[in-house]
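Next come the chains, spelled out residue by residue.
There are 2 protein chains.
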Amino acid sequence: MRLLCPICQGERDIDSFVYRCDKCDEPLEVQHDLENLKERLSPRTFEGRPWNMWRYSEILPVDADGRISLQEGGTPLHWGTRLGEKLGLERLYLKDETRNPTGSFKDRGSSVGVSKAAQLRANAVGCVSTGNMAASMAAYAAKAGLRSLVLIPTGTPVEKMVQTMICGSALIAVRGEYPETYRMGLEASTKHRIYMVHSDAPFRVEGQKIIAYEISEQLGWNSPDRVLVPTSSGGNISALWKGFKEMHQLGLVSHVPSMVCVQAEGCSPIVASFGSGKDTVHPFAKSDTIAQSISNPDPPSGRRVLRLLKDSKGHALSVTDQEILEAQRLVAETEGLFVEPASASTIAALVKLAKSSVIRRSDKVVCVLTGSGLKDVKSATRLLKKPIEIGSARELENVLSQT
Amino acid sequence: MRLLCPICQGERDIDSFVYRCDKCDEPLEVQHDLENLKERLSPRTFEGRPWNMWRYSEILPVDADGRISLQEGGTPLHWGTRLGEKLGLERLYLKDETRNPTGSFKDRGSSVGVSKAAQLRANAVGCVSTGNMAASMAAYAAKAGLRSLVLIPTGTPVEKMVQTMICGSALIAVRGEYPETYRMGLEASTKHRIYMVHSDAPFRVEGQKIIAYEISEQLGWNSPDRVLVPTSSGGNISALWKGFKEMHQLGLVSHVPSMVCVQAEGCSPIVASFGSGKDTVHPFAKSDTIAQSISNPDPPSGRRVLRLLKDSKGHALSVTDQEILEAQRLVAETEGLFVEPASASTIAALVKLAKSSVIRRSDKVVCVLTGSGLKDVKSATRLLKKPIEIGSARELENVLSQT
Numbered sequence: 001m002r003l004l005c006p007i008c009q010g011e012r013d014i015d016s017f018v019y020r021c022d023k024c025d026e027p028l029e030v031q032h033d034l035e036n037l038k039e040r041l042s043p044r045t046f047e048g049r050p051w052n053m054w055r056y057s058e059i060l061p062v063d064a065d066g067r068i069s070l071q072e073g074g075t076p077l078h079w080g081t082r083l084g085e086k087l088g089l090e091r092l093y094l095k096d097e098t099r100n101p102t103g104s105f106k107d108r109g110s111s112v113g114v115s116k117a118a119q120l121r122a123n124a125v126g127c128v129s130t131g132n133m134a135a136s137m138a139a140y141a142a143k144a145g146l147r148s149l150v151l152i153p154t155g156t157p158v159e160k161m162v163q164t165m166i167c168g169s170a171l172i173a174v175r176g177e178y179p180e181t182y183r184m185g186l187e188a189s190t191k192h193r194i195y196m197v198h199s200d201a202p203f204r205v206e207g208q209k210i211i212a213y214e215i216s217e218q219l220g221w222n223s224p225d226r227v228l229v230p231t232s233s234g235g236n237i238s239a240l241w242k243g244f245k246e247m248h249q250l251g252l253v254s255h256v257p258s259m260v261c262v263q264a265e266g267c268s269p270i271v272a273s274f275g276s277g278k279d280t281v282h283p284f285a286k287s288d289t290i291a292q293s294i295s296n297p298d299p300p301s302g303r304r305v306l307r308l309l310k311d312s313k314g315h316a317l318s319v320t321d322q323e324i325l326e327a328q329r330l331v332a333e334t335e336g337l338f339v340e341p342a343s344a345s346t347i348a349a350l351v352k353l354a355k356s357s358v359i360r361r362s363d364k365v366v367c368v369l370t371g372s373g374l375k376d377v378k379s380a381t382r383l384l385k386k387p388i389e390i391g392s393a394r395e396l397e398n399v400l401s402q403t
Numbered sequence: 001m002r003l004l005c006p007i008c009q010g011e012r013d014i015d016s017f018v019y020r021c022d023k024c025d026e027p028l029e030v031q032h033d034l035e036n037l038k039e040r041l042s043p044r045t046f047e048g049r050p051w052n053m054w055r056y057s058e059i060l061p062v063d064a065d066g067r068i069s070l071q072e073g074g075t076p077l078h079w080g081t082r083l084g085e086k087l088g089l090e091r092l093y094l095k096d097e098t099r100n101p102t103g104s105f106k107d108r109g110s111s112v113g114v115s116k117a118a119q120l121r122a123n124a125v126g127c128v129s130t131g132n133m134a135a136s137m138a139a140y141a142a143k144a145g146l147r148s149l150v151l152i153p154t155g156t157p158v159e160k161m162v163q164t165m166i167c168g169s170a171l172i173a174v175r176g177e178y179p180e181t182y183r184m185g186l187e188a189s190t191k192h193r194i195y196m197v198h199s200d201a202p203f204r205v206e207g208q209k210i211i212a213y214e215i216s217e218q219l220g221w222n223s224p225d226r227v228l229v230p231t232s233s234g235g236n237i238s239a240l241w242k243g244f245k246e247m248h249q250l251g252l253v254s255h256v257p258s259m260v261c262v263q264a265e266g267c268s269p270i271v272a273s274f275g276s277g278k279d280t281v282h283p284f285a286k287s288d289t290i291a292q293s294i295s296n297p298d299p300p301s302g303r304r305v306l307r308l309l310k311d312s313k314g315h316a317l318s319v320t321d322q323e324i325l326e327a328q329r330l331v332a333e334t335e336g337l338f339v340e341p342a343s344a345s346t347i348a349a350l351v352k353l354a355k356s357s358v359i360r361r362s363d364k365v366v367c368v369l370t371g372s373g374l375k376d377v378k379s380a381t382r383l384l385k386k387p388i389e390i391g392s393a394r395e396l397e398n399v400l401s402q403t
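One line per chain: the protein sequences are A and B, in this order.
Counting from 1, one number per residue, gives the positions in the first sequence under this note's numbering.
Counting from 1, one number per residue, gives the positions in the second sequence under this note's numbering.
Hints were generated in silico from the structure; no laboratory data involved.
One or more of the hints may lead you astray.
To be verified - Dumping the calculated BS3-like pairs for lysine-lysine here, alpha-carbon to alpha-carbon at most 25 angstroms:
hint : chain 1 : residue 1 : chain 2 : residue 2
1    : A       : 160       : B       : 378
2    : A       : 378       : B       : 385
3    : A       : 386       : A       : 313
Keep in mind it's a predicted model, so treat the numbers as computed, not measured.
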């Protein structure tokens, strides 16, 4: 197992606190000895193991006795029959990442990242985040008995940070812009041995790639045709693609899917680059969307996403906030799943794609529902109707007779 | 399988829309043919089956092809090593019901109840609830394609109902008191074939008893010594006790645990009756606690809870809101689990009991953490500190050097 830059192939110490290539400014990646593993692994290897992320221990970079786990992963892949019927899709699947310990997919990466930090005897773990990542990291740090440190912009509403703060994270509110805050965090990291677990950190990516392994096993060790992923920094879609590629190289699946990158219109720098055929991403000046979990205007894994879209014959598209809210309600009303706006963006994208020639009726399609609707209850109120008000059994009778 | 009154043993039609004995005013219960099942079941029966609630299909009253499921149950039983160390308990376990589809234990009962409603071709499912039960029922009704109807008091804040409304439930706000609203619901139920899935409905109880089966299997088919359950209507602690008793009668476990009923001081009618040795519960005039999920001042299963506390050599105690909030933070900081105030009440109770002679250091203790902290973010903000504010790398340096 080695830590490499995917561009220059330069190697870094696997125990390094730095995770971007200083030459290419690309996130480093963990490379497993796939040739060797290929001889040892087959679908049968995993049979009978507990249904959580660590089922695939051979391709995870943490030893069994060093795991910090809250039983992440092993999430359901729902067959979306009622939603599929509405959209004219026969094989629509919903990967329900809301079922992770803190309510989002981030827990997979936090588990691996915090485990690594504990193994390295880091002084603390840290990140810059006001959302799912901070909450997730805080929970795993608590479980590990490790300090955790979260940098946020000043003025962040305290309600957004409750899930993080209650686990004992130290919150540091920084007056200033995000890029400066991010840089500060990275500098403090090496000096104070604070292990950063950002979205493109290699050990986080290792945890998150397991979403791909689970999807394929849940489909009987078949890869889907299309996988739709809400995209912000680009860390998660990159992780899924890494998982699918690895499985293909390991001979566990016969093909890789085509990846679909979904962004909110108000924060869609990767979609813009994809549309104009560029191989670099020009940051948006600011983000303007209700989908807070996909609102990074300067995606640190942007180039990596453009490469994987090319490699996977993929697609990128954006959806409006209105489309997102309607999709959020649609998936709740048809499948009983209450997901956050970022997750609903994949359903909104699917509504569009199902009408186009990009996706066919018989395609095996997976939407990755990354986080729980309980994370942001306020935005969901916008499209809801008021209750009917009654004062007597007779009025109830009237309502019931009419509806 | 029969539907019986536990007091007069009178039998009702298993397909009835009524679930209380009209003679004794007690909730009816499903009785399985345990003698027959005993010959067929052993711990090995369940080996290798998927790890969710339906693993125990033989003792669930719904056929496989009639299941409305979002993959409920199969929740983790965390070994609370760090919390246990703080409290001086060596074998403390936390049953993490926050991991269910809508974030609470209610999903087990909703799955069974809504499945039954679908089998009976009910016109709708319904309940009176402003909390976890409504949200859970709404999700399962959506999955089933069944209408759902929720009665709430007028003036209920819409934020509390978002998770319910987004799944398409019809909300009816009733001007009037809870008992009157409850009665209205029951009357409408039989007339309009609306299947009610309240907390003490027999089919809900069947789903929720599975918490007990899972705990015992997770402990290697051993029952714990003590089980602490947050208690409101009394439906859930009754369900757990039914599960433990059944397993004992089936020969799956060698003993039953002692049950501990935990209530919030501001809404503790069962604790009051237990303390004065009564066998009926005198309702509280009103409820006054932040723990909304355990705030029913007139528990419909109150007498049943008093009976089970006697039968299990159990205990009942109340905790203050301040103790609940401190316990909520304690379990988050030590175990990384963010639970709602009702769930934290069991930890608060444990803090007290661990200092007394009721629980010994070596006792095998389980706290049932019934729902996610994301259900009520506001109450958790009360004990949190403000972030540290900085404006430069130098100030960050100062903070890091000092902490």
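Each hint, compared with the structure:
1. 160/A x 378/B: holds, 10 angstroms
2. 378/A x 385/B: Given that 25 angstroms is the threshold and the Cα spacing comes to 23 angstroms, the pair holds.
3. 386/A x 313/A: Distance ~45 angstroms between residue 386/A and residue 313/A Cα, so the pair is violated.
Checked against the numbered hints above, the structure violates only hint 3.
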